[in-house]
Structure formats: structure tokens, C-alpha cells
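Going line by line, the protein sequences match chains A and B. Just so you know, the first sequence maps onto residues 1457 to 1600 in my numbering. Just so you know, the second sequence maps onto residues 1457 to 1600 in my numbering.
Please note that the accuracy of each hint is not assured.
What follows is a set of in silico ranges between Cβ atoms, one per label pair, in the way DEER data are often shown [said to hold, decoys possible]:
| hint | chain 1 | residue 1 | chain 2 | residue 2 | range |
| --- | --- | --- | --- | --- | --- |
| 1 | A | D1532 | B | S1542 | 31 to 41 angstroms |
| 2 | A | Y1598 | B | N1503 | 39 to 49 angstroms |
| 3 | B | K1536 | A | K1536 | 15 to 25 angstroms |
| 4 | B | K1536 | A | G1522 | 21 to 31 angstroms |
| 5 | B | D1556 | A | K1511 | 30 to 40 angstroms |
| 6 | B | K1591 | A | E1596 | 44 to 54 angstroms |
| 7 | A | D1532 | B | E1560 | 29 to 39 angstroms |
| 8 | A | G1553 | B | E1524 | 18 to 28 angstroms |
| 9 | B | R1481 | A | I1539 | 39 to 49 angstroms |
| 10 | A | K1487 | B | I1540 | 34 to 44 angstroms |
| 11 | B | I1539 | A | P1494 | 39 to 49 angstroms |
| 12 | A | N1469 | B | D1556 | 52 to 62 angstroms |
| 13 | B | I1539 | A | E1504 | 17 to 27 angstroms |
| 14 | A | D1495 | B | R1481 | 19 to 29 angstroms |
No more than 25 angstroms apart at the CA atoms, straight line, and that leaves these computed lysine-lysine pairs for DSS-like [to be verified]:
| hint | chain 1 | residue 1 | chain 2 | residue 2 |
| --- | --- | --- | --- | --- |
| 15 | B | K1465 | A | K1480 |
| 16 | B | K1467 | A | K1472 |
| 17 | A | K1467 | B | K1480 |
| 18 | B | K1511 | A | K1484 |
| 19 | B | K1559 | A | K1570 |
| 20 | B | K1570 | A | K1591 |
| 21 | A | K1591 | B | K1507 |
| 22 | A | K1467 | B | K1570 |
| 23 | A | K1472 | B | K1533 |
| 24 | B | K1559 | A | K1472 |
| 25 | A | K1480 | B | K1484 |
| 26 | A | K1465 | B | K1559 |
| 27 | A | K1467 | B | K1467 |
| 28 | A | K1472 | B | K1487 |
| 29 | B | K1467 | A | K1570 |
| 30 | B | K1570 | A | K1570 |
| 31 | B | K1512 | A | K1472 |
| 32 | A | K1533 | B | K1536 |
| 33 | A | K1591 | B | K1591 |
| 34 | A | K1465 | B | K1533 |
| 35 | A | K1465 | B | K1472 |
| 36 | A | K1591 | B | K1465 |
| 37 | B | K1570 | A | K1536 |
| 38 | A | K1467 | B | K1533 |
Simulated from the structure, these hints should not be mistaken for laboratory data. No experiment lies behind these values; they were computed from the predicted model shown. Yeah, the Cβ is synthetic: ideal placement off N, Cα and C, and Gly gets one too.
There are 2 protein chains.
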Amino acid sequence: MINIICVGKIKENYLKDGINDYQKRISKYHKINIIELPDNDIINEGNEIIKHLNKKDYIIVLDITGNELSSVELADKLDKTFIINSNITFIIGGSNGIRDDIKELANYRLSFSKLTYPHGLFRLILLEQIYRSFKILNNETYHK
Amino acid sequence: MINIICVGKIKENYLKDGINDYQKRISKYHKINIIELPDNDIINEGNEIIKHLNKKDYIIVLDITGNELSSVELADKLDKTFIINSNITFIIGGSNGIRDDIKELANYRLSFSKLTYPHGLFRLILLEQIYRSFKILNNETYHK
Chain A
1457 MINIICVGKI KENYLKDGIN DYQKRISKYH KINIIELPDN DIINEGNEII KHLNKKDYII
1517 VLDITGNELS SVELADKLDK TFIINSNITF IIGGSNGIRD DIKELANYRL SFSKLTYPHG
1577 LFRLILLEQI YRSFKILNNE TYHK
Chain B
1457 MINIICVGKI KENYLKDGIN DYQKRISKYH KINIIELPDN DIINEGNEII KHLNKKDYII
1517 VLDITGNELS SVELADKLDK TFIINSNITF IIGGSNGIRD DIKELANYRL SFSKLTYPHG
1577 LFRLILLEQI YRSFKILNNE TYHK
């Protein structure tokens, strides 16, 4: 199972449509579950995130100061992680960011960019890269 | 004027909606013009791109191996560039990439990520960052 824990509602319909599209596409390769938590202050957002974490899961926190990977390296990382873990949980913070203790308990800190993105657009970008990973791992072409 | 030269049609309605949304938002701060060129082979795509370049413009090519900037650094780069240039032209390649000679004639090579994105999603991401730059330069809050 791939879990995506994210904070904050998506307001824009175009982002909802894009996220639904990639969620459907990914589900042909792997079970995927999006857990959307309500906006709050960073402390309470963290408490809610922690309630949804399972120590057996491999936890990847999205953090601007984390490790940057190419799409091929990300696909390889997911592939290797699934050899010994049945679940990968991604955490995307809201506009307040993510509590440091959650960054520290994560197994991996991943950065997509030095740029700051809106959290809703970022959710779409993450889903697209997870989908791309499965296309890469299955040697399937993916041009669009 | 900000020009965005890009290769390939956008098929997904959700991307069209998002791109239109940010294009409208940016136009409150600066004139923006999107030039969409048809898909072709990389040679002919390059020929079409060159027809739309003006030597007086500051040309920024989006290239995965280019310089990575933070959102604040990008805003600062655009601000400083507009002091001595009236036009900035961004070039986004299609699924074939961009010809090396065009990368070489550009004034700046900019990378948003080590990850490979679909060109349509990338157009949305670029527009969001240009909009974010104007919000940063005008000291306006921008949470979403």
C-alpha cells in the first residue's frame, strides 16, 4: 500500500481532477490511499499526522531540504523499499510546513525542488512522479 | 513582456484550466504571452523556437541540468533581469527535449528539479512560480 498523508483541502477543481486522474492511473499498479487532514496549527497538524503513522511503514517526508533524486532514482528507491516493506507512507505538509520531530522520525527525507510549491499543486506533482516510477519500473513508455 | 515558448499541445482539461488561471493572475502584474508550437522532431522544433527568439530578449531555457534556485532567488533573478531587459523569454521543450544549440544561445539555464515532468504539467509549474515571484516581489502573502 502507498499512503499519502497530506494537510489541507484542495480548493481548485483543476487540481482535484488532476489528482483523481493520477490516483486512478497509479491504482492499476499498486494500492494507493490518500489521507487528507484538516488545516490547523503546525502542532495539531503534527499530532494528527502521527495518529496515521504505523511503525512498520516506511515513512518518506517531503522536505525542501531533503535528498533530491532523479525520476529513475526515485523509481529505484520505491522498488527497493517495497522489497522489505509492504507499505510506504508519504507525508506532505500544509502551508505551515511539517514539525521537526516528524521529519526526524521519517525513514527518508525527499526533496523535489529548491522551489516552494503550493501544497495542492505539490500533491499533483508527487502523484505524477509515483505514476512515472511505475511506468519506469515496468519499462513502459510514458510521453505526454 | 514575459514570453513562454513551449512545444506540444496540452491535452488534459485540468492542465488547461490551471494554466489559464495562473496566466490571468500573472497578467495583473506583467504582460505575459504563451507561444505554443506544434510537436515535431527535435530539429524542426528547434527551428520553430528560433523563429520566435529576439536577440534583445533575455532568454531562459528550462533544462534539467541547469541552475536550481529557490523561489526567492528566482523572484530576485527576474527582478534584476527586468532592470536592464524589457522582455524575458522562457523556453520549455516538448517530450523530445531541447536542441543543444538553443541551450547554448540562452542567457540562463534554469532547472526546477532533478525529476522529469510531463511538459504540460511543467508549464503549469512554471506559471505558478512566475506568479509566486510577483507575490514575493510585491511583499504579498500567498498561501494556498
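For each hint, the structure was consulted:
{"no.": "1", "hint": "A/D1532 - B/S1542: 31 to 41 angstroms", "in the structure": "45 angstroms, violated"}
{"no.": "2", "hint": "A/Y1598 - B/N1503: 39 to 49 angstroms", "in the structure": "27 angstroms, violated"}
{"no.": "3", "hint": "B/K1536 - A/K1536: 15 to 25 angstroms", "in the structure": "43 angstroms, violated"}
{"no.": "4", "hint": "B/K1536 - A/G1522: 21 to 31 angstroms", "in the structure": "29 angstroms, holds"}
{"no.": "5", "hint": "B/D1556 - A/K1511: 30 to 40 angstroms", "in the structure": "49 angstroms, violated"}
{"no.": "6", "hint": "B/K1591 - A/E1596: 44 to 54 angstroms", "in the structure": "39 angstroms, violated"}
{"no.": "7", "hint": "A/D1532 - B/E1560: 29 to 39 angstroms", "in the structure": "31 angstroms, holds"}
{"no.": "8", "hint": "A/G1553 - B/E1524: 18 to 28 angstroms", "in the structure": "20 angstroms, holds"}
{"no.": "9", "hint": "B/R1481 - A/I1539: 39 to 49 angstroms", "in the structure": "44 angstroms, holds"}
{"no.": "10", "hint": "A/K1487 - B/I1540: 34 to 44 angstroms", "in the structure": "54 angstroms, violated"}
{"no.": "11", "hint": "B/I1539 - A/P1494: 39 to 49 angstroms", "in the structure": "43 angstroms, holds"}
{"no.": "12", "hint": "A/N1469 - B/D1556: 52 to 62 angstroms", "in the structure": "40 angstroms, violated"}
{"no.": "13", "hint": "B/I1539 - A/E1504: 17 to 27 angstroms", "in the structure": "46 angstroms, violated"}
{"no.": "14", "hint": "A/D1495 - B/R1481: 19 to 29 angstroms", "in the structure": "22 angstroms, holds"}
{"no.": "15", "hint": "B/K1465 - A/K1480", "in the structure": "23 angstroms, holds"}
{"no.": "16", "hint": "B/K1467 - A/K1472", "in the structure": "17 angstroms, holds"}
{"no.": "17", "hint": "A/K1467 - B/K1480", "in the structure": "18 angstroms, holds"}
{"no.": "18", "hint": "B/K1511 - A/K1484", "in the structure": "48 angstroms, violated"}
{"no.": "19", "hint": "B/K1559 - A/K1570", "in the structure": "22 angstroms, holds"}
{"no.": "20", "hint": "B/K1570 - A/K1591", "in the structure": "18 angstroms, holds"}
{"no.": "21", "hint": "A/K1591 - B/K1507", "in the structure": "35 angstroms, violated"}
{"no.": "22", "hint": "A/K1467 - B/K1570", "in the structure": "28 angstroms, violated"}
{"no.": "23", "hint": "A/K1472 - B/K1533", "in the structure": "32 angstroms, violated"}
{"no.": "24", "hint": "B/K1559 - A/K1472", "in the structure": "35 angstroms, violated"}
{"no.": "25", "hint": "A/K1480 - B/K1484", "in the structure": "36 angstroms, violated"}
{"no.": "26", "hint": "A/K1465 - B/K1559", "in the structure": "39 angstroms, violated"}
{"no.": "27", "hint": "A/K1467 - B/K1467", "in the structure": "22 angstroms, holds"}
{"no.": "28", "hint": "A/K1472 - B/K1487", "in the structure": "28 angstroms, violated"}
{"no.": "29", "hint": "B/K1467 - A/K1570", "in the structure": "28 angstroms, violated"}
{"no.": "30", "hint": "B/K1570 - A/K1570", "in the structure": "10 angstroms, holds"}
{"no.": "31", "hint": "B/K1512 - A/K1472", "in the structure": "40 angstroms, violated"}
{"no.": "32", "hint": "A/K1533 - B/K1536", "in the structure": "39 angstroms, violated"}
{"no.": "33", "hint": "A/K1591 - B/K1591", "in the structure": "36 angstroms, violated"}
{"no.": "34", "hint": "A/K1465 - B/K1533", "in the structure": "32 angstroms, violated"}
{"no.": "35", "hint": "A/K1465 - B/K1472", "in the structure": "21 angstroms, holds"}
{"no.": "36", "hint": "A/K1591 - B/K1465", "in the structure": "22 angstroms, holds"}
{"no.": "37", "hint": "B/K1570 - A/K1536", "in the structure": "20 angstroms, holds"}
{"no.": "38", "hint": "A/K1467 - B/K1533", "in the structure": "30 angstroms, violated"}
Violated hints for the displayed structure, listed by number in ascending order: 1, 2, 3, 5, 6, 10, 12, 13, 18, 21, 22, 23, 24, 25, 26, 28, 29, 31, 32, 33, 34, 38.
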